[in-house]
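*Asks:* Put together the whole structure using the sequences plus the hints.
There are 2 protein chains.
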Amino acid sequence: MNVECNLEKVSAYAESLRGEYESNLKKLVSLASVSMEPDRKSEMLQTADLAVQMLIEKGASAKIVNTAGQPVVVGEFHAGSEFPTVTVYNHLDVQPADAAEWQTPPFDMQIEDGVYRGRGTTDDKGPALAVMYAAAYVHKLGVPINIKFIWELEEEIGSPSFAQFLADNISELATNSIVVSDTIWVSRERPAIPYGLRGLQGFLFKLKTGLKDVHSGTTGGLARNPIAELCDLIAQCFDAKSGEVKIPGFYDDVRPVNEEELSNFVASGFDVDNFKKAHELLHTRTEDAREASARIWARPTFEVHGITGGYAGPGVKTIIPHQAEAKISMRLVPDQNPAKIINQVEAFVRSINADVELVREGTLKPFIGEFSGPFNLAAKAAMKAGFGKEAAFTREGGSIGAVVSMQEIMQVPIVFLGLSLPEHGYHAINENFDWQQASGGMRMFVDYFERLSKIK
Amino acid sequence: MNVECNLEKVSAYAESLRGEYESNLKKLVSLASVSMEPDRKSEMLQTADLAVQMLIEKGASAKIVNTAGQPVVVGEFHAGSEFPTVTVYNHLDVQPADAAEWQTPPFDMQIEDGVYRGRGTTDDKGPALAVMYAAAYVHKLGVPINIKFIWELEEEIGSPSFAQFLADNISELATNSIVVSDTIWVSRERPAIPYGLRGLQGFLFKLKTGLKDVHSGTTGGLARNPIAELCDLIAQCFDAKSGEVKIPGFYDDVRPVNEEELSNFVASGFDVDNFKKAHELLHTRTEDAREASARIWARPTFEVHGITGGYAGPGVKTIIPHQAEAKISMRLVPDQNPAKIINQVEAFVRSINADVELVREGTLKPFIGEFSGPFNLAAKAAMKAGFGKEAAFTREGGSIGAVVSMQEIMQVPIVFLGLSLPEHGYHAINENFDWQQASGGMRMFVDYFERLSKIK
Chain A
1 MNVECNLEKV SAYAESLRGE YESNLKKLVS LASVSMEPDR KSEMLQTADL
51 AVQMLIEKGA SAKIVNTAGQ PVVVGEFHAG SEFPTVTVYN HLDVQPADAA
101 EWQTPPFDMQ IEDGVYRGRG TTDDKGPALA VMYAAAYVHK LGVPINIKFI
151 WELEEEIGSP SFAQFLADNI SELATNSIVV SDTIWVSRER PAIPYGLRGL
201 QGFLFKLKTG LKDVHSGTTG GLARNPIAEL CDLIAQCFDA KSGEVKIPGF
251 YDDVRPVNEE ELSNFVASGF DVDNFKKAHE LLHTRTEDAR EASARIWARP
301 TFEVHGITGG YAGPGVKTII PHQAEAKISM RLVPDQNPAK IINQVEAFVR
351 SINADVELVR EGTLKPFIGE FSGPFNLAAK AAMKAGFGKE AAFTREGGSI
401 GAVVSMQEIM QVPIVFLGLS LPEHGYHAIN ENFDWQQASG GMRMFVDYFE
451 RLSKIK
Chain B
1001 MNVECNLEKV SAYAESLRGE YESNLKKLVS LASVSMEPDR KSEMLQTADL
1051 AVQMLIEKGA SAKIVNTAGQ PVVVGEFHAG SEFPTVTVYN HLDVQPADAA
1101 EWQTPPFDMQ IEDGVYRGRG TTDDKGPALA VMYAAAYVHK LGVPINIKFI
1151 WELEEEIGSP SFAQFLADNI SELATNSIVV SDTIWVSRER PAIPYGLRGL
1201 QGFLFKLKTG LKDVHSGTTG GLARNPIAEL CDLIAQCFDA KSGEVKIPGF
1251 YDDVRPVNEE ELSNFVASGF DVDNFKKAHE LLHTRTEDAR EASARIWARP
1301 TFEVHGITGG YAGPGVKTII PHQAEAKISM RLVPDQNPAK IINQVEAFVR
1351 SINADVELVR EGTLKPFIGE FSGPFNLAAK AAMKAGFGKE AAFTREGGSI
1401 GAVVSMQEIM QVPIVFLGLS LPEHGYHAIN ENFDWQQASG GMRMFVDYFE
1451 RLSKIK
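Protein sequences appear in the order of chains A and B.
Going letter by letter, the first sequence gives residues 1 to 456 in this note's numbering.
Going letter by letter, the second sequence gives residues 1001 to 1456 in this note's numbering.
None of these hints come from the bench; they were simulated from the model.
Each hint should be verified, as a subset may be incorrect.
Unchecked claim - Taking lysine-lysine pairs in the BS3-like style, the calculated list, with each CA pair at most 27 Å apart, reads:
id : chain 1 : residue 1 : chain 2 : residue 2
1  : A       : LYS208    : B       : LYS1241
2  : B       : LYS1206   : A       : LYS276
3  : B       : LYS1241   : A       : LYS246
4  : A       : LYS317    : B       : LYS1206
5  : A       : LYS276    : B       : LYS1208
6  : A       : LYS317    : B       : LYS1208
7  : A       : LYS208    : B       : LYS1206
8  : A       : LYS206    : B       : LYS1276
9  : A       : LYS212    : B       : LYS1276
10 : A       : LYS206    : B       : LYS1340
11 : B       : LYS1277   : A       : LYS206
12 : A       : LYS27     : A       : LYS58
13 : B       : LYS1389   : A       : LYS246
14 : A       : LYS317    : B       : LYS1246
15 : B       : LYS1246   : A       : LYS246
16 : A       : LYS317    : B       : LYS1340
17 : A       : LYS317    : B       : LYS1276
18 : A       : LYS246    : B       : LYS1208
19 : B       : LYS1063   : B       : LYS1027
20 : B       : LYS1317   : A       : LYS41
21 : A       : LYS241    : B       : LYS1206
22 : B       : LYS1058   : A       : LYS276
23 : A       : LYS241    : B       : LYS1277
24 : A       : LYS340    : B       : LYS1317
25 : A       : LYS277    : B       : LYS1212
26 : B       : LYS1206   : A       : LYS277
27 : B       : LYS1212   : A       : LYS276
28 : B       : LYS1241   : A       : LYS212
29 : A       : LYS246    : B       : LYS1317
30 : A       : LYS206    : B       : LYS1206
31 : A       : LYS241    : B       : LYS1212
32 : A       : LYS208    : B       : LYS1027
33 : A       : LYS317    : B       : LYS1277
34 : B       : LYS1241   : A       : LYS241
35 : B       : LYS1009   : A       : LYS241
36 : B       : LYS1208   : A       : LYS277
*Replies:* Spelled out as structure tokens, the structure:
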């Protein structure tokens, strides 16, 4: 079989299933599987049940695996143990949604001209269903590949139970490669395949210089000012204007970005003006697209998220605070190691201000996947088959904890074949997905699975 | 008459009036004249009425003068227009009090072993009454001096109507000197006469880099961080550890403190350990008493009171804020000029970060009074007469706007003869005053008025 020659058939298959796809997506969206909200236990379980049912209806085996947190749905279209296996990762939990801000109710999916508006449509229920239909088609055709599914329900809260789930089920989950379908193109005009994620190391910098706030008239000049000392420390940690981190050794393990990567970044359609508009930024640290894309995707950062402890009301109140806390995090890139970064930061802060207490917050390792190799070549070809355009290889600036866990525990190649677009309102109000991306995604995944069946 | 020879008589007079003093102070304290609280209008007017009535009962003329804000009580013991005039400044408004935190109800004065506990006892109703009884005694004896009173009711909110009141009534208020009785000794062991106050210039430093908070994964490295840029600006404005201000020209007009002044500061009983205990500071910028007292009384400061705009909840949330505001003020000392300081700060901030918007907040000029001269000599001698100990000449680190207004508009010497002690809980819970300071204060003021009657 050569699927490339049969793309018209796949398109026809997709069109024939459009009603079913839309109906099933609407059912999934109607369950408010908001993992951040503790009172959604029932919706989470109903979502898992519905997902199992949908997989079974299409001819897969499927079940719920319980964890210490939310369950994970696993499933498989089994072709034969002598054939290669690919595992698809999606998640079925969603971000919260404030109905008052939406054009239409977030959990009652509306269809308008092929656009599906509702929470979870693009992140990540719509892509999950598109992959499922592609897999069902491939399986029905008898393509010699086993297609496994991992549908998580805790992605939006940082996957707290996921590493343990993988470790506990490692033999059952055995696979030759993983495809993650939960990323965003840079522009609708150009498919994008990210191959790297940034990591994260958070800290609280805390300084206490007294037991109560004091009056700057009575004590000013003699009393220490903990906010000002944290400002000084932060200014020594990094240059706020350029963003350059000044902590010794911080950049030692940063993998340089080569010319080919930079060209790919810009080829994705990345544009500084569009980026500014999308994020409502008045200024950026550079206007150069090449430099800008490297900054957000391939370079580490130092960020101050807030400083608390002082007067926060209107105007000026002349207190000297007795304590202050700066909320800090660093985005890390390959091959930075969070453990080493923690040591560097702690030593540096101690050297600048020994009274500052450091509290370590969350750690996420950076991720770098296949930039070349058979899986990436297959992904690129599949993108072309699905959407008629060459894909650009990019990275993502955020962190997906589940991906790093899969890399560490399952130790197989991971590729990203996402279907979301900037205009889909990922994590925002009026989130949406569309049939153009869903049907193109089906074509792409059919092609991808067919190609993978030939990689031994 | 030589009052110095009659101090025993004054003491006997004071003792004979102790019951009346305590009863009147209790009446004044029972009226919660909290100028910060808008719903105290009735208590403010009752306080003014009661004050007028008390002055009239002791033989003075007295009346209420209305202003755009709270009224001012003015009064006079008139001896004759051919004699010199002294004006006493006190205030009858008080700080707020949270009854739940107090040992006894703040507006129901308790008397225990000669200690008067209640809001306003030491700041400033108790001292005001002590001066009134001293003036009544001097007047009855026929000492040739006119003693005028200005009792303000807006001191605790920065005297917003006071300058206009002075300007509107300048001829009626004509005087040869002013004595302000609203300051605190450094230690009960040693009377203190401050002769200087620091001024103040407040600012908001505001920076806006976007229209909404963004995600540090998606935008970090390219988006500017307004909190971090303000930290950098603050670190360039002053050295948080030493307190040294780095804005060019900032120290140009600072009047140097000479050896005699420094010796006086320390002679007041100033002690760094006691200061740390009183203000519950864990550390101070110096442990040296001479250096420490100069820092709080005679040197300018740069202070950060708070930084808002970022994430303020628990832990770390990886946003990049779109705006930030630092709440800044500088304490100023003689002969710094706030208008010049404003220009220096604005030019410096512009040179470091042109996107930062500066908003000017409150301005209070620094004050320097008589360090020598006949009024200060009289004050020193009167302190010795009243309390049996040599007074130390100190300064105060805070700002009293009313004093600067009196200096500018009335243009006569101003001296400070305060009666409050550190243990009196000025602006704190369980505020108190005591008969030892009240009766010593009466002796001191009798002696002071008698001396002033001889200064032509």
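*Asks:* Now tell me, hint by hint, if it's right for this structure.
*Replies:* How the hints compare with the structure:
no.: 1; hint: LYS208/A with LYS1241/B; in the structure: 14 Å, holds
no.: 2; hint: LYS1206/B with LYS276/A; in the structure: 21 Å, holds
no.: 3; hint: LYS1241/B with LYS246/A; in the structure: 20 Å, holds
no.: 4; hint: LYS317/A with LYS1206/B; in the structure: 16 Å, holds
no.: 5; hint: LYS276/A with LYS1208/B; in the structure: 14 Å, holds
no.: 6; hint: LYS317/A with LYS1208/B; in the structure: 22 Å, holds
no.: 7; hint: LYS208/A with LYS1206/B; in the structure: 26 Å, holds
no.: 8; hint: LYS206/A with LYS1276/B; in the structure: 21 Å, holds
no.: 9; hint: LYS212/A with LYS1276/B; in the structure: 11 Å, holds
no.: 10; hint: LYS206/A with LYS1340/B; in the structure: 36 Å, violated
no.: 11; hint: LYS1277/B with LYS206/A; in the structure: 22 Å, holds
no.: 12; hint: LYS27/A with LYS58/A; in the structure: 16 Å, holds
no.: 13; hint: LYS1389/B with LYS246/A; in the structure: 58 Å, violated
no.: 14; hint: LYS317/A with LYS1246/B; in the structure: 23 Å, holds
no.: 15; hint: LYS1246/B with LYS246/A; in the structure: 22 Å, holds
no.: 16; hint: LYS317/A with LYS1340/B; in the structure: 22 Å, holds
no.: 17; hint: LYS317/A with LYS1276/B; in the structure: 22 Å, holds
no.: 18; hint: LYS246/A with LYS1208/B; in the structure: 25 Å, holds
no.: 19; hint: LYS1063/B with LYS1027/B; in the structure: 19 Å, holds
no.: 20; hint: LYS1317/B with LYS41/A; in the structure: 24 Å, holds
no.: 21; hint: LYS241/A with LYS1206/B; in the structure: 16 Å, holds
no.: 22; hint: LYS1058/B with LYS276/A; in the structure: 74 Å, violated
no.: 23; hint: LYS241/A with LYS1277/B; in the structure: 41 Å, violated
no.: 24; hint: LYS340/A with LYS1317/B; in the structure: 22 Å, holds
no.: 25; hint: LYS277/A with LYS1212/B; in the structure: 11 Å, holds
no.: 26; hint: LYS1206/B with LYS277/A; in the structure: 22 Å, holds
no.: 27; hint: LYS1212/B with LYS276/A; in the structure: 11 Å, holds
no.: 28; hint: LYS1241/B with LYS212/A; in the structure: 19 Å, holds
no.: 29; hint: LYS246/A with LYS1317/B; in the structure: 23 Å, holds
no.: 30; hint: LYS206/A with LYS1206/B; in the structure: 24 Å, holds
no.: 31; hint: LYS241/A with LYS1212/B; in the structure: 19 Å, holds
no.: 32; hint: LYS208/A with LYS1027/B; in the structure: 42 Å, violated
no.: 33; hint: LYS317/A with LYS1277/B; in the structure: 23 Å, holds
no.: 34; hint: LYS1241/B with LYS241/A; in the structure: 23 Å, holds
no.: 35; hint: LYS1009/B with LYS241/A; in the structure: 73 Å, violated
no.: 36; hint: LYS1208/B with LYS277/A; in the structure: 15 Å, holds
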